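The two chains are supplied separately, each in an independent frame; assemble them into the complex guided by the hints.
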Amino acid sequence: MRRWVDAAVQLAAPAVLVVAVGIASRFVSNAHEIYFLNALVSVAIVVAVYVFIGNSGVLSFGQVSFVAVGAFAAGVLTIPLESKTGVLPQLYPLLRDHTIGNVASLLVAAAAGGVFALLVGMPLMRLSGLAAGIATFAVLEITHNVLREWTKIGPGATTLSLVPETTDALQATLGALVVIAAAFAYQRSRFGRRLRASREDPAAARGVGVNVHRERLWAFTASGALAGFAGGLLVHLLGSITTEQVYLELTFITLAMLVVGGLTSLWGAVVGALAVSALDSFLIESEQGVKIGVTIDTPQGTRLIFLGAIMALMLILRPQGITGGKEFRLPRWRG
Amino acid sequence: MSVLAAIDAQTLVDSVGLGAIYALMAVGIGLVFGVLRLVNFAYGQLVMAGAYTLAFTANWRVVWSLAACLIVVVALSLAMELAVFRPLRGASPAVMLVTTFAIAFVLQAVALLIDLRDNTLGEVATSVAPLNQAITLRGVEVRKITIVAVIVTVVVLALLALLLNRTRIGLHMRAASADFSTARLLGVRANRVIGLAVLLSGVLAAIVAVLLTVQLPFVQPDFALRETIVVLVGVVVGGIEKLWSATLGGFLIGFATGILNGALPTDQTVFLPSAVFALVILVLLLRPSGLFVWGRPAAERL
Numbered sequence: 130m131r132r133w134v135d136a137a138v139q140l141a142a143p144a145v146l147v148v149a150v151g152i153a154s155r156f157v158s159n160a161h162e163i164y165f166l167n168a169l170v171s172v173a174i175v176v177a178v179y180v181f182i183g184n185s186g187v188l189s190f191g192q193v194s195f196v197a198v199g200a201f202a203a204g205v206l207t208i209p210l211e212s213k214t215g216v217l218p219q220l221y222p223l224l225r226d227h228t229i230g231n232v233a234s235l236l237v238a239a240a241a242g243g244v245f246a247l248l249v250g251m252p253l254m255r256l257s258g259l260a261a262g263i264a265t266f267a268v269l270e271i272t273h274n275v276l277r278e279w280t281k282i283g284p285g286a287t288t289l290s291l292v293p294e295t296t297d298a299l300q301a302t303l304g305a306l307v308v309i310a311a312a313f314a315y316q317r318s319r320f321g322r323r324l325r326a327s328r329e330d331p332a333a334a335r336g337v338g339v340n341v342h343r344e345r346l347w348a349f350t351a352s353g354a355l356a357g358f359a360g361g362l363l364v365h366l367l368g369s370i371t372t373e374q375v376y377l378e379l380t381f382i383t384l385a386m387l388v389v390g391g392l393t394s395l396w397g398a399v400v401g402a403l404a405v406s407a408l409d410s411f412l413i414e415s416e417q418g419v420k421i422g423v424t425i426d427t428p429q430g431t432r433l434i435f436l437g438a439i440m441a442l443m444l445i446l447r448p449q450g451i452t453g454g455k456e457f458r459l460p461r462w463r464g
Numbered sequence: 067m068s069v070l071a072a073i074d075a076q077t078l079v080d081s082v083g084l085g086a087i088y089a090l091m092a093v094g095i096g097l098v099f100g101v102l103r104l105v106n107f108a109y110g111q112l113v114m115a116g117a118y119t120l121a122f123t124a125n126w127r128v129v130w131s132l133a134a135c136l137i138v139v140v141a142l143s144l145a146m147e148l149a150v151f152r153p154l155r156g157a158s159p160a161v162m163l164v165t166t167f168a169i170a171f172v173l174q175a176v177a178l179l180i181d182l183r184d185n186t187l188g189e190v191a192t193s194v195a196p197l198n199q200a201i202t203l204r205g206v207e208v209r210k211i212t213i214v215a216v217i218v219t220v221v222v223l224a225l226l227a228l229l230l231n232r233t234r235i236g237l238h239m240r241a242a243s244a245d246f247s248t249a250r251l252l253g254v255r256a257n258r259v260i261g262l263a264v265l266l267s268g269v270l271a272a273i274v275a276v277l278l279t280v281q282l283p284f285v286q287p288d289f290a291l292r293e294t295i296v297v298l299v300g301v302v303v304g305g306i307e308k309l310w311s312a313t314l315g316g317f318l319i320g321f322a323t324g325i326l327n328g329a330l331p332t333d334q335t336v337f338l339p340s341a342v343f344a345l346v347i348l349v350l351l352l353r354p355s356g357l358f359v360w361g362r363p364a365a366e367r368l
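So the protein sequences, as listed, match chains A and B.
Residue 151 in our numbering sits at position 22 of the first sequence, and the numbers go up by one each step.
Residue 123 in our numbering sits at position 57 of the second sequence, and the numbers go up by one each step.
One chain only, chain B, in its complex shape (with noise of 0.2 Å):
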């Protein structure tokens, strides 16, 4: 019981906060997923490598700061799909995946060359701290960046279910995750949806390297890889062939993560990884489609 009473309005908010910013990495994840069939384990470099044009641009004015970390990191997406993505489309999914796995360490190695030019490691990223500033709201003190990553988060997936449901291309990209050859077959342009899918995960991935850096403005070569590895997790357990599952998924496993990090007092927390993972098998043995996908289990992809 001791561990629910340590659960105040504080870690609450907080977790919501850390939650929506997995939601969106978790997002753009399952976007690429589902006209690729490729999980990206590459993604969290991407936000990696906005962090890093927010620390060296940090002098800037606040507005080009964040322009620079927008078209920084799209252009290194749209790279990806077109040196990387694209060649490999139609491998096994254990080639595709060890791929991201090489590109990931080729742009972590990269960052580290940028990074200790000047002979330290890590950069600062200050661009957008003002944001860390809490301001208190009956007692509970909830920081900016709490409140703008909520919204930031409810705001983006709003849009996309607007361009999911409501356009001509949402329609072609919900299309061609369903089933891509017969898409294609209907006319839905390929390159075009895996185009777009690319470019929304690009700008999901700008976003996420925004508001992680005003929680974590200390960017070094491995920023953000340890939060992949927690939403890749997060996304399957989920359900990652849904986007919405997959998005919960997400948020779910950094709430928790939340709740578990402020709950515990820290000497209790040395084994709770693994409690945590083994949740995560227990949860895939009795789901393993996802814990939130109903109905029939899709067939075993061969």
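So that you can see chain A by itself, here it is in the shape it has in the complex (with noise of 0.2 Å):
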């Protein structure tokens, strides 16, 4: 009983967590409901990274890759097709000539980042430490270089535009909802605790039979498919987009949300995600001059500034995150 009521709550906290963003997000002026929606889309790609990385301690630097390739696989399809050959006119034939749904897109989006993240991970699986991080980080570079310059397949070099802006507060929610409850699924099946159990002695964990390689592949797999998803969410949220935005800054902004959140928890997923995005919006809105009781104004260019300084610094302070790498628990009453 302990048990269920323990898991139950593991998966309530982030999800009440993402719920009351979501809310918010509907009381807040237009101006102001982006940051909240840009927030979710963060925890969606936030936890799909976390599914891999969290789960099998592996750094990799290759899970936005998984993103662009889903954004632009989301955000090609679904053009609508009067618009597409006037914006896009080298695409492939297949591509051209069909336009699919919303969801429809979602689906594919993560179907691509799954399949292209098994296939990448079968050679890489078997690398670890600082060896996969540069080899997941070589799988950054030939994608973007791939998308950028190959102009069958997507707009290269310029700006995606005409996306249909499907992403709003109940989609936003809905979607990061669903990647949390794969993460959580996946973390507790006996494929997540054979990963989470080589993560923490791959000798051991082979010493009673765990397949360190599958079980990585499988994880990474699954990341790939979430992060394509969450890719999607981000295409139909921005309506536009351009290579480098699924590049090297999200790359550094995604991991550094995970660690100052907590590396190894779903939870500190969720929390860092939402933590970082709430500083930087509010450094955002703080150049501009934002009051609260008093008013803050910060001169212009100051907020990475303060982005990377207050980040590093939580990171020198606790180096375990804010939730500590742990999953959230009620406090026990102790009679």
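Hints were generated in silico from the structure; no laboratory data involved.
Note that the structure is a prediction, hence the values are computed from the model and not measured.
Some clues are possibly wrong.
[Said to hold, decoys possible] Just a sample of chain A residues kept apart from chain B, beta carbon distances all over 10 Å, derived:
(1) Arg132
(2) Leu146
(3) Arg255
(4) Ala260
(5) Asn274
(6) Val307
(7) Ile413
(8) Pro460
(9) Arg461
[What the hints assert, rightly or not] Among the chain A residues that face chain B by a calculated CB cut under 7 Å, a handful are:
(10) Met251
(11) Gly285
(12) Ala286
(13) Ala385
We put the beta carbon where it would ideally sit given N, CA and C, even for glycine.
The following block contains the structure:
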């Protein structure tokens, strides 16, 4: 009984937080709503990345490649037919002559991310440590390079625009919830437990018969599919996107969110994404002069300094992250 | 074959010069990694700070400009050790790496703020620009900077080899790189060894700043960022566990970048990054502990 309550609480806490952010976005002005929706999509991306990095303990700089693939797949496939031939004349006929609905595009994005991650992961999951970090970084570079230059599958170096902006408060919340639920189901499954065992002690896990390569590959694929899905949410939120927006900066900020929250828990991924998003939104606002009792008005350009400095300070003072890398649990009564 | 034919002496010379600079950066990153197990992503921002110092002191006498660059970069490097690396000692590699991302981020943002005081982006560092002139040797134009870069690199590497192999502190550094906790038990002073590694890596960053600004005098906040990423890739491909394999990896990736850029016509280079990084993945799969690391692979670090 106790176990089920604990599990329910572990899933409910991040879900409640996400729903609260979703509801809050309905009560603020249109200009501020975007911060909340951005935060929700960030949650989806960070949790997707967490599924691999958090459970396996292997650092990957490549997960944003799957966000990119998902974003461009969903984007290219949902541009209305009447404008598509005009803006993207060089597309393959299959992509040029078909347009699909919003939900279908998210599923295609997830499938594209998952298949790509599976193919990439098969050789790469044999690596660990810095070699894995650099090899996955190489995947990000290759993805960025191909998306930027190959105009038969996308917009190339130009902006992909006219994508329907369908990620509203409801979709952003539901999307983040779907990713959280999937991540939770994975980490409670036998696959997730085997992988987490290999994270704590690879040798011992091998000793009890865990195939570390295979378990990492499952997690990498699941993470890729969720990242693709999150990429779909992102492109439908922004309405237009370039390859630069799903490249180095997003990789760094996503990893930073994960580490700030706590690398090894779902709760940490959600808290980190929301905390860094909140901080960033606050700093953007305070560059324009914000009023909370006193007027805070920071000069232009100081936002990035504060953001970086607070992140560095946080990591130095509390390297295990805000949540300490532990799942949420209710305080226990001690009578 | 057309690619090979296009590699003329000119490209070869320029590529060696580029490889030499990358090798110096690789040494700077490898030295700190050796004693701290920390991949310093903010290394490029040290170089950037040096380049800005050169730009702002462009009308000073060259000697003073170079001295200012050295002082600023070494001071920043030591400040980084005191404020960031020291409290992080013993943290997980992911946390250390992400913290250096954050530091890189901060330094770049500060540079942007300083740079934009005159309302234009970018400053020009010209104090050592005359080195960019070329002299002709048997029909090959060799820029003076290429000769300087190669000589400086060889001298620096030789001095470093002397320091590491012939002095007591060098022995301590090698011991600390091999096994830090055992070295401490045997009386190696941790802070002194780490301090020296950080100091040397700062000096190297200052030298790199001077050499790079000669070729790329237009300094912006993201100066040396791309180079740092490429060098990090080279260092891991070469083998980060050993200073010499890391250095060789840095040289190799700089040399290869120079050759490929020089040899391929521009309309064929669009997918060049993909080819290069595919090759990086291949090398890592075949030799995960490094291209130049021989013998039994080191056990997985936990």
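Taking the hints in turn, this is what the structure says about them:
1. Arg132: Label holds. Min Cβ-Cβ 29 Å, cutoff 10 Å.
2. Leu146: At about 23 Å from chain B, Leu146(A) clears the 10 Å cut-off, so the statement holds.
3. Arg255: Arg255(A) not clear of chain B: closest Cβ-Cβ about 7 Å, inside 10 Å.
4. Ala260: violated, 4 Å
5. Asn274: Not fine: 4 Å to the nearest Cβ puts Asn274(A) too close to chain B.
6. Val307: holds, 27 Å
7. Ile413: holds, 14 Å
8. Pro460: holds, 27 Å
9. Arg461: Arg461(A) is indeed farther than 10 Å from all Cβ atoms of chain B, at 29 Å.
10. Met251: Because about 11 Å separates Met251(A) from the closest Cβ in chain B, which is outside the 7 Å limit, the hint is violated.
11. Gly285: violated, 10 Å
12. Ala286: This interface hint is violated because 10 Å lies over the 7 Å limit.
13. Ala385: holds, 6 Å
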